[in-house]
Amino acid sequence: MIPPFNGLEFGIVAGMFAVVAVLGFMATRWRRGTSLASVEEWGLGGRRFGTAVTWFLIGGDLYTAYTFVAVPALLFGTGAAGFFAVPYTIAVFPLVMFAAARMWSVCHEHGYATSAEFVRGRHGSPVLALLVAITGIVATMPYIALQLTGIKAVIETMGIGGDWPLWIAFVVLAVYTFTSGLRAPALVAFVKDILIFVMVLVAVIYIPYKLGGYNVIFHGAQSALAAKGYSTLLSGSQYLGYTTLALGSALALFLYPHAVTGVLASRSRDVVKKNMSLLPAYSLMLGFIALLGYMALAAHVKPVGGTAAKPDTTTIVPVLFNSEFPHWFAGLAFGAIVIGALVPAAIMAIGAANTFARDIYKPYIRPNASEREEGLVSQLASVILKLGAVGVIVGLKLTFALEFQLIGGVVVIQILPSVVLGLYTRWYHRWALVAGWIVGMGLSVYMLYITPSATATHFGSASFALSSWGIDTKMTIWTGIVGVVANLVVATGLTPLLARLPRGRDETSPGDYLEAEAPPMPFGPGPAVGRT
Amino acid sequence: MENQTRPSRRKLVLLLLLVPLVAVLVPEFYNFAQPSIGGMPFFYWWQLLWIAGVAVCVGVVYLVMRRAR
Numbered sequence: 001m002i003p004p005f006n007g008l009e010f011g012i013v014a015g016m017f018a019v020v021a022v023l024g025f026m027a028t029r030w031r032r033g034t035s036l037a038s039v040e041e042w043g044l045g046g047r048r049f050g051t052a053v054t055w056f057l058i059g060g061d062l063y064t065a066y067t068f069v070a071v072p073a074l075l076f077g078t079g080a081a082g083f084f085a086v087p088y089t090i091a092v093f094p095l096v097m098f099a100a101a102r103m104w105s106v107c108h109e110h111g112y113a114t115s116a117e118f119v120r121g122r123h124g125s126p127v128l129a130l131l132v133a134i135t136g137i138v139a140t141m142p143y144i145a146l147q148l149t150g151i152k153a154v155i156e157t158m159g160i161g162g163d164w165p166l167w168i169a170f171v172v173l174a175v176y177t178f179t180s181g182l183r184a185p186a187l188v189a190f191v192k193d194i195l196i197f198v199m200v201l202v203a204v205i206y207i208p209y210k211l212g213g214y215n216v217i218f219h220g221a222q223s224a225l226a227a228k229g230y231s232t233l234l235s236g237s238q239y240l241g242y243t244t245l246a247l248g249s250a251l252a253l254f255l256y257p258h259a260v261t262g263v264l265a266s267r268s269r270d271v272v273k274k275n276m277s278l279l280p281a282y283s284l285m286l287g288f289i290a291l292l293g294y295m296a297l298a299a300h301v302k303p304v305g306g307t308a309a310k311p312d313t314t315t316i317v318p319v320l321f322n323s324e325f326p327h328w329f330a331g332l333a334f335g336a337i338v339i340g341a342l343v344p345a346a347i348m349a350i351g352a353a354n355t356f357a358r359d360i361y362k363p364y365i366r367p368n369a370s371e372r373e374e375g376l377v378s379q380l381a382s383v384i385l386k387l388g389a390v391g392v393i394v395g396l397k398l399t400f401a402l403e404f405q406l407i408g409g410v411v412v413i414q415i416l417p418s419v420v421l422g423l424y425t426r427w428y429h430r431w432a433l434v435a436g437w438i439v440g441m442g443l444s445v446y447m448l449y450i451t452p453s454a455t456a457t458h459f460g461s462a463s464f465a466l467s468s469w470g471i472d473t474k475m476t477i478w479t480g481i482v483g484v485v486a487n488l489v490v491a492t493g494l495t496p497l498l499a500r501l502p503r504g505r506d507e508t509s510p511g512d513y514l515e516a517e518a519p520p521m522p523f524g525p526g527p528a529v530g531r532t
Numbered sequence: 533m534e535n536q537t538r539p540s541r542r543k544l545v546l547l548l549l550l551v552p553l554v555a556v557l558v559p560e561f562y563n564f565a566q567p568s569i570g571g572m573p574f575f576y577w578w579q580l581l582w583i584a585g586v587a588v589c590v591g592v593v594y595l596v597m598r599r600a601r
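Protein chains in written order, with my numbering: chain G, 1 to 532; chain V, 533 to 601.
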């Protein structure tokens, strides 16, 4: 079913998109270095971003449009289990605070632009570095494609048939990212986040007011969910799945290339650490956005698009806005969702493109590539990644991409032993880490393969039913946790056995992980120097 | 002014990082409807509250460790 076309909403969204496109092109001039043609300048913004820009950049990077439409859709469909996004985005900050700071320091010292580059330097293993690079790129690609679902949900709700708006949005995005690099999403992120904060603030006050308060919302949601066999509270058998999904997603988040890009683009170690206590502000926003799913249930929202048997529930938030807000405000909110998709899509493409240029092109295709050539390869790779993403969404079945994304976290967590443990210790043998990766990845893919969903027999979900292994329980566990534990066991067990094989050369030294502050900046509170 | 705190005691502040992890990763602690606030079940406001909690815990660790330098 396609709802009637709404010209006012479309006009507002198109206007907002035009403003953002102009900003994206203008970003070329923002805090410009000598030349944009290198991974350092194009792909990391010259590593010059301060606390505020980093906050907007990482925030815009991790809390994506997909999150904004998918998390409420999850609560809409399955109740309390969907709220895992909140403990996930709480747990991530204490977990990564110190690792991210060490990562920043060692990469700053050696000029690494990606985690694979760090792995090559630390473990002296080109094979392990290649595995890390490929893992990162593979995990990111479906994630870029999924940003489009946010835009698609809005387009469907506005009553536009066809995929041409997707193509226009991504071609314009690809062009301005090509010219401006990481500076473009960093600048656009300001606009995006201010819009989204306003939208959420209004939504969580105005919609409950119209519906009759949170009491009515939770009661309405509970009765709608009970009809489908779900609830606004977890059942006992859901605890393990809830905890492992939240913990595992938190551990996986900063392993994605785009998250590393956000961390490395900041000016100092201090900026990274400070942001770990400032970024939870986004989690609060996410928590309230999640509850929009219950508001949609209480308001009896019917999703549009998809098929009759499996309606596209990612449209519930746009449809809810359409029915509860005046059209001009719904238009603004839709614009915010569209821009909210463009920012992370750009950063993801840049992160994956940097990884391709630095860790695949340079070491394996053109070892003599100049900085300029490396930068150009990265620019081109970002364009191909984005257009490929649109092709995937338009060409393949959308449900396929959604399931693929579930796998993203499961896949990317397999580089945790090489990257995160590598930040703390050199005890692990490089070949033991390779073996751990192979076992962990193999086991995870096998577990995903035998997990069916309502519509598919394989790769149905990242929640693995323990009953598949003959354990008499309804409990599920997040596949990635099982895989990474197997990975760690193998890597730890094999390290002493492989002691006779030559170890790789470690080009880092312990001090590289500790301080290395940037020189004091002329404005803003610098690092704490001169204290006694 | 000389900072009198010994480094080992200062490191105790790192335990603060564990508090939010335990608080939100163990559903046994919070999977209840009551007490609710303004119609929002305990399950939801407890977890939302810990968003502020984690910001404070990480913030305190950041400040203490920065002074330690």
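Treat the hints with care, since some could be wrong.
Here are the simulated distance ranges between beta carbons [stated by the list, open to error]:
hint, chain 1, residue 1, chain 2, residue 2, range
1, G, R29, V, E560, 50 to 56 Å
2, V, P567, G, Y206, 24 to 30 Å
3, V, V592, G, A227, 43 to 49 Å
These aren't lab readings, by the way, just hints derived from the structure by calculation. Beta carbons are placed, not taken as given, at the ideal position from N, Cα and C, and that holds for glycine.
Hints, verified against the model:
| no. | hint | in the structure |
| --- | --- | --- |
| 1 | G:R29 to V:E560: 50 to 56 Å | holds, 54 Å |
| 2 | V:P567 to G:Y206: 24 to 30 Å | holds, 26 Å |
| 3 | V:V592 to G:A227: 43 to 49 Å | holds, 45 Å |
Checked against the numbered hints listed earlier, the structure breaks none of them; every hint is satisfied.
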